[in-house]
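Asker: Can you build the whole structure from these sequences, using the hints too?
So the sequences go chain by chain: A, B and C.
The letter at position 193 of the first sequence is residue 193 when you use the numbering used here, and the numbering goes up by one with no holes.
The letter at position 158 of the second sequence is residue 158 when you use the numbering used here, and the numbering goes up by one with no holes.
The letter at position 595 of the third sequence is residue 595 when you use the numbering used here, and the numbering goes up by one with no holes.
Hints in this document: simulated from the structure, not taken from any laboratory.
Treat each hint with caution, since some may be false.
Only pairs whose alpha carbons sit at most 25 Å apart, straight line, appear in this in silico SDA-like list of lysine to any residue [to be verified]: (1) 290/A to 236/B; (2) 200/B to 259/C; (3) 149/B to 184/A; (4) 202/B to 256/C; (5) 231/A to 195/A; (6) 283/A to 223/B; (7) 269/C to 223/C; (8) 231/A to 235/B; (9) 205/A to 11/A; (10) 202/B to 51/B; (11) 290/A to 407/C; (12) 202/B to 379/C; (13) 283/A to 165/B; (14) 202/B to 380/C; (15) 290/A to 406/C; (16) 149/B to 185/A; (17) 283/A to 233/B; (18) 290/A to 644/C; (19) 283/A to 235/B; (20) 290/A to 646/C; (21) 224/C to 143/C.
Between beta-carbon pairs, the in silico distance windows are [stated by the list, open to error]: (22) 16/B to 65/C: 49 to 55 Å; (23) 184/A to 230/B: 52 to 58 Å; (24) 208/B to 313/A: 58 to 64 Å; (25) 313/A to 589/C: 33 to 39 Å; (26) 38/C to 165/B: 53 to 59 Å; (27) 171/A to 165/B: 29 to 35 Å; (28) 222/C to 201/B: 45 to 51 Å; (29) 413/C to 51/A: 51 to 57 Å; (30) 165/B to 424/C: 54 to 60 Å.
For glycine and all other residues, C-beta sits at the position ideal for the given N, C-alpha and C.
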Amino acid sequence: MTTVLVLVTSSDGAPDDVALQGLSLAREVAAGEPLHALVLGDEAAAAGLGAWGATQVHVARHPALADIAPGAAPDAAARILGDLADRLGADVVVGPGTEPGNTILARTAARAGLPFAANCTVVVPGAPLTVTRQRWGGSLLEEAVIHADRAILTVAAHTVAATPVPGGAAPVTTFEPALDDADLVVRVVERIPAAAGGVSLADAKVVVSGGRGAGSVEGFAPIEELAGLLKAAIGCSRAVTISGWRPHTDQVGQTGTKIVPSLYIAAGISGATQHMAGCKGAKKILAINKDPDAPIMSIADYAVIGDLHQILPAISAELRRVRGG
Amino acid sequence: MRVLACIKRVPAVAGRMVLTPDARALDTRHLGFTISPHEECAVEEAVRLIEAHGGESVVLTLGPAAAVEQLRDAMAIGIGRAIHLETGDEDWDAESTAAALADAIRADEAAAGPFDLILLGNESADAGGYQVAVRLGRALGRPTVAGIKGIAVADGAVRCEQEVTGGRDVYRLPLPALVAVLEGLNTPRFPSVPGRLRAKSKPVSASSPARAAQRLELVRLVVPQGKAKQAEVLGHGPESAPAVVAMLDGLGLVR
Amino acid sequence: MSAETVVGVVAFGLVLYVLVGLFALRATYLLRLVLNGRASDRTGDLGRRSVREVVGVLFQSKLFLRPIPGVMHLLLFWGFLVLLPTIAMSFLGAMNAHWSIPWLSEQGWFALMVDLFAIGVLVGVGIAFTIRLGLRPRRFVGSYLQVAYNILLFEASITITLLLWHASQIALGINEYPAEWAPVSNAIASLMSAGPALEVFERVIVWVHALLILAFLVYIPYTKHLHTFVVWFNVFFERTRARGRLEPLVFDDPAVPEDEIRFGMGTIKDMTWKQMVDGMTCTECGRCQDACPAFATGKSLNPKLVVMGLRDQLYREGHALLAAAEGGAAFAGSPLVPNAVSDESVWDCVTCGACVQECPVGIEHVDHIVDLRRNLVMVESRFPAPGSAMLRDLERTANPWGNSPTDRVDWTAGLDVRVLQPGDPPPEYLFWVGCAPAFDERARVGAISTAKLLTEAGVDFAILGARESCTGDPARRLGDEYTYQALAGQNVATLTEARVTKIVTTCPHCFNTIGSEYPDFGGRYEVIHHTQLLAELVRDGRLAPAVGGESITYHDSCYLARHNDVLAEPRELVAAVGRPVEMARSQKRTFCCGAGGAHMWLEERESQINEERAREAAATGATTLAVACPFCTVMLDDGMQATGGGLAVRDVATLLVEAVERGRSAGRELPVLAGGPGGAQAERPSQHR
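Answerer: Encoded structure:
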């Protein structure tokens, strides 16, 4: 019998997408056995998890965590998760392969002295458990064996589809976890809101990016124009950031922002490994490049061959014409 | 103050991933090597902190003999000395890496005093394990925060900023502490040649820890298949604009 | 000796002592600066140096590239050479009206030459003033104009007082030569009448003349006119090897202590003696500026102002430098950038060498600019950010675009190209592909054409594939000598290990670096450009192109033509495939495409050099712009698209492929030509195997 526990992170009463993807992956591992979900404080988010395959939902409420986001005290979250896994005798603990998810699960593993496999795309149940996990931001996959009584892992973002269970429902129980002061040393003490305006790269539905082919700071003008027309965020490749043409906050890539828009327009970007790791989560990719054999073409859905400085203004003009008419 | 930066030697992968015949490693015969991008920022930050507050900066790596190149690169931009935990060519999992780093840090601290701040990359470019900093912090019994893009040290504490949806979260950790940083924390300087020449004579203390049994055991590597279908070419040059706009319309982005 | 003579000797002796002493003080200061300059090896090649001295200085070959200023300067130059003895004569004459140089002062022919050349000098001064005040060419912008006027006024007044002195002597009958041999002086003398007044006038005018000369002597070493003294040295010690070769820096010589290592030029302390003499020689004529593509397109770089700025800072801070060298306080010079030269100017340079080519006095501007870059990059880490992206890529992937080294062979898809594996027997020619043809879709066309032609002609060749690295040229031109030397060392080791003896390349930058620079790092190979090899194959009949009707203008790449003297072979090929038509600026006076000096990776400010060149090509009326460089291909194709010039930009090799195909189909139609390339090849014993 396999017992699986899933950490479901949430914000503002809704479970995170990647956490639901984790539930779906965990469902395959549980294969009909009990599937426990842990929610940190957010009862609203806990309510619907049965519909995503959870059979038992646990909500941890603690006064010290009342005023901060659940993921913002990672040591506390890790202890709560670890203690619950002990209590349930969990064989597999799954979390979302997000920044907070990875750090919480890593801490849970470190506390328990267990291995941790970050960003898994496939889990093959069994003893020992075998996983396929991402290296190089997903540009390379690793098949690995977890030699431990309890497997702790996260699901790589947007590699597993979150599939609902029609009519699924799960009881929700709320408990107060045990926490010490030491668990609360690492915690968010202040939040600085982002300046208003502009579309955030991570959440954008459309991203228009420029690469080395933009050629200069000024070379981003046609990219900015098209992004404005499509209400899109502006992105860029690492070569552009290093060249000082755009700030690092615009960088799409393995060491920049990993994006998941409906449409990604990559103009003058050849598609280095580093960049592809950040943009392959896009549903559709339009690549605009002089080189029809550029690596970006291998992951693009649509391609236009030629110079972005001629093509982007033409697209903007056509957009205006169609909208105006 | 004393600041330690931990780095990893990784290949500079530019295009296709090519594997060795046993599929357990990348074929790096034609590749250059570098410090993981996040860790380049950790090194830069360590140098800046010492420039601002005075003290000693040290760089530490666990890696093959050739990783001394990356240690020299770090010393070229201003790190004072290096510790090299020399391994064979095989990769170490995060658990055994963190354990070896912890031993080395304890030994160095016993001799030279505690590190106020230990900086690491958030995750290595190659293995992407997201855990060495956390394990090391646990082993040393010090607070650890990850995913950081802003650092300020004052009054015995480190203030760390993290980018999150809707703004920036601020942590304040009492020193000594560990911080796992992200690229974008700073712009690493380009090493000067006098710096590189000086780095050649800076001290590197080397030792060879034993590799424990790997509990996250790599079986084989797989290069993921790209999309099977070919990209649909919408056209060449500016004449393609109507086709592009028609595609955009199909996605509901025009009207 | 009369009392009058004693007074004259004593008075003039005193004047001479004071004024020559002032000159000597300044001259000693300048000489000490030069002796304190950093080393620069200019030995060897005595023959070439001597020839250049005669052709370049005595006959002023470069000045005659512009006929009117050339004539002007020749009149002034030869005028003063001829008039030199009259200086001594006037000094003697100032002491005693009857003293002069024995024998020479009695020669009619000399008197005639003095008169003629004096008039020549006055005409020269007249032309110079007309040019400077009337025509006001742009090349003088930024030069010290008042100083130039002062010099011309000195020259004119010295010459006029000379003529007046001679005339008064003739009128007084104290001339020693036959008066009719001096027509000008004689004519002026006819306006004078002998008498006590004229005797006084003769005394006064010879003193004025001599004092003007001595005052000028004191003035000269503070002005551009110093070139008259130092040009002899500067031209003699000019570089004699290929222009494109840069002087290596030495980082790892155990004999050189760390703080003595030279990282280019940061303060005047780092200037080589040649760089100092360059500044002292500069005449501020602006020929460099006129030829400079950066200046022509509105950028901040002006090669003349670079040299002047460095010189002025050297003069300003030189005393402190000398004091430090003699054990005084350590020298704390101010940085040359941005004090003498702005950051923008340093980065605007495309290292095309047009300035050096034009300079009549042997100044090596590119060496100055590269040395400034070296300091900014290697010591200050202060340079345009795109340059640092390029350098990081070079270090990590051994190519300036950060592409994967394993992709270097992608361009050979569908071609019969052997990739040389370790241990393989060496080919006759190693085809050094270069990064641009390996990774740029437009640049690769020339390499593909070359490979096809070599295969067609049966040449035994191979490429290094993933083992090839960038030659380091962009790093070196950007100022990162350290990265350059690492790449050079790596490539020399690879080539040596592969036992390569002959190298062919389509890239003039690789051609220059491997051929002209790698010998400094122990790599000695016979390096030829693909146009040279292809021209040889056509000459030998191993390739049989059929000439077409297309009119083609050929663009000389700076690193091929100006820096390495390859001019004829590309033209042979163009003539073999179409109708050649030359651009206004061609051969060694070609105009850059804008990519040199690592500019392929930097942002270009102001208007674009490649567009300027594309317009020039379009002005020939040709239909095709032939190039012989992968960078020129990309830059000029961009320029052509931006300006709508409409010329097809093609590598010479690509045009040759078409012509060979034309030749083959013509061969099928005309049996008399049957055999074509293949036949010719079969009949001819090959020199290539």
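Asker: Now, for every hint given, state plainly whether the structure supports it.
Answerer: To see whether the hints hold, each was checked on the structure:
| no. | hint | in the structure |
| --- | --- | --- |
| 1 | 290/A to 236/B | 9 Å, holds |
| 2 | 200/B to 259/C | 15 Å, holds |
| 3 | 149/B to 184/A | 21 Å, holds |
| 4 | 202/B to 256/C | 19 Å, holds |
| 5 | 231/A to 195/A | 17 Å, holds |
| 6 | 283/A to 223/B | 21 Å, holds |
| 7 | 269/C to 223/C | 22 Å, holds |
| 8 | 231/A to 235/B | 24 Å, holds |
| 9 | 205/A to 11/A | 19 Å, holds |
| 10 | 202/B to 51/B | 18 Å, holds |
| 11 | 290/A to 407/C | 17 Å, holds |
| 12 | 202/B to 379/C | 18 Å, holds |
| 13 | 283/A to 165/B | 21 Å, holds |
| 14 | 202/B to 380/C | 21 Å, holds |
| 15 | 290/A to 406/C | 21 Å, holds |
| 16 | 149/B to 185/A | 19 Å, holds |
| 17 | 283/A to 233/B | 17 Å, holds |
| 18 | 290/A to 644/C | 18 Å, holds |
| 19 | 283/A to 235/B | 21 Å, holds |
| 20 | 290/A to 646/C | 19 Å, holds |
| 21 | 224/C to 143/C | 10 Å, holds |
| 22 | 16/B to 65/C: 49 to 55 Å | 53 Å, holds |
| 23 | 184/A to 230/B: 52 to 58 Å | 54 Å, holds |
| 24 | 208/B to 313/A: 58 to 64 Å | 60 Å, holds |
| 25 | 313/A to 589/C: 33 to 39 Å | 38 Å, holds |
| 26 | 38/C to 165/B: 53 to 59 Å | 58 Å, holds |
| 27 | 171/A to 165/B: 29 to 35 Å | 30 Å, holds |
| 28 | 222/C to 201/B: 45 to 51 Å | 47 Å, holds |
| 29 | 413/C to 51/A: 51 to 57 Å | 52 Å, holds |
| 30 | 165/B to 424/C: 54 to 60 Å | 57 Å, holds |
Hint violations for this structure: none, all hints satisfied.
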